[in-house]
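Residue strings, one per chain:
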Amino acid sequence: EAGVAQSPRYKIIEKRQSVAFWCNPISGHATLYWYQQILGQGPKLLIQFQNNGVVDDSQLPKDRFSAERLKGVDSTLKIQPAKLEDSAVYLCASSLEKLGGSEQFFGPGTRLTVL
Amino acid sequence: TQLLEQSPQFLSIQEGENLTVYCNSSSVFSSLQWYRQEPGEGPVLLVTVVTGGEVKKLKRLTFQFGDARKDSSLHITAAQPGDTGLYLCAGDAERGATNKLIFGTGTLLAVQP
Chain P
1204 EAGVAQSPRY
1214 KIIEKRQSVA
1224 FWCNPISGHA
1234 TLYWYQQILG
1244 QGPKLLIQFQ
1254 NNGVVDDSQL
1264 PKDRFSAERL
1274 KGVDSTLKIQ
1284 PAKLEDSAVY
1294 LCASSLEKLG
1304 GSEQFFGPGT
1314 RLTVL
Chain U
293 TQLLEQSPQF
303 LSIQEGENLT
313 VYCNSSSVFS
323 SLQWYRQEPG
333 EGPVLLVTVV
343 TGGEVKKLKR
353 LTFQFGDARK
363 DSSLHITAAQ
373 PGDTGLYLCA
383 GDAERGATNK
393 LIFGTGTLLA
403 VQP
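As they're listed, the protein sequences go chains P and U. Quick note: the first sequence uses the numbering used here, first residue 1204, plus one each step. Quick note: the second sequence uses the numbering used here, first residue 293, plus one each step.
Just so you know, the hints here were simulated from the structure itself, not pulled from any lab data. Hints may contain errors.
[What the hints assert, rightly or not] Computed footprint of chain U on chain P; a stretch qualifies when at least three of its residues, placed anywhere within it, have a C-beta under 8 Å from a C-beta of chain U:
| # | stretch |
| --- | --- |
| 1 | 1240 to 1251 |
| 2 | 1288 to 1298 |
[Said to hold, decoys possible] To give an idea of the interface, some chain P residues facing chain U are shown, with a C-beta separation under 8 Å as derived from the structure:
| # | residue |
| --- | --- |
| 3 | Thr1234 |
| 4 | Asp1259 |
| 5 | Glu1306 |
| 6 | Phe1309 |
| 7 | Pro1311 |
| 8 | Gly1312 |
All residues carry an ideal CB built from backbone N, CA and C; glycine is no exception.
Please build the complete structure, drawing on both the sequences and the hints.
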C-alpha cells in the first residue's frame, strides 16, 4: 500500500515570496491533516479536512496561509507571502474515518527554508 | 488549551542503558499515542493506550498510561543506536469527536554505540 506522498521535499525561498506544497493521502483515507513542525519540536496542527470540508483551521494563520482539498483527495497548502518564521517542516498526514485514537499516517514532509 | 509537556527534551545515552521519557498534561485524554520520528521522515505510530493504568510492551519498549489519563511514560530497556529519534506523545484532544491529536513537545534521543 502506498504511503502519504508529499512534494517537494525541500524548498528554499526568500521572504515575501509564495510557495505551495502538495499532498496525496493514502487511498480511502477521509481525513487529511497539515502540520507545521519547527526543528526538534512536536508537530502543530494547521488544518484538518474531513473529505473536502474543513474540520479545524483554528491555528492556521489565515492572513498568509491557505489550504484546499478539492474532490476530497489530494490537498495543497500555500503560503503567501512567506516570513522568516515560516521556516519549518510541513507534514501532511491522513487517517481513516474512525473516531477515537485512529492512527495518523504521515508523509516525509517538505522542509521549507525562508531566507 | 490542552498541552502535553515531555521530559527530558534531549537525552544522549550509551548503548545498553535504560531510559524513561515522560509525557504530562493537566488535561484528561481519552487515548494517547506514542510516535517515533527519524530524521527526514514523518512520525510513525508505536502504540496507542486507551485505558487508565494500561501498560503495553513493544519488544524493549514499555508504555504506560496514567491512572487519571493525564500522563504517560515510555521506558526503553537496553537502548540501541536504532532507537535514536524524536519521540512524540500525542493525545486525543476531543474525546474522539474529530480524531484530532495534540502532540507533545518531543524528546530527542541519541543512543551512542
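**Unsatisfied constraints (hint numbers, rising)** = Hints that this structure does not satisfy do not exist here, as all of them hold.
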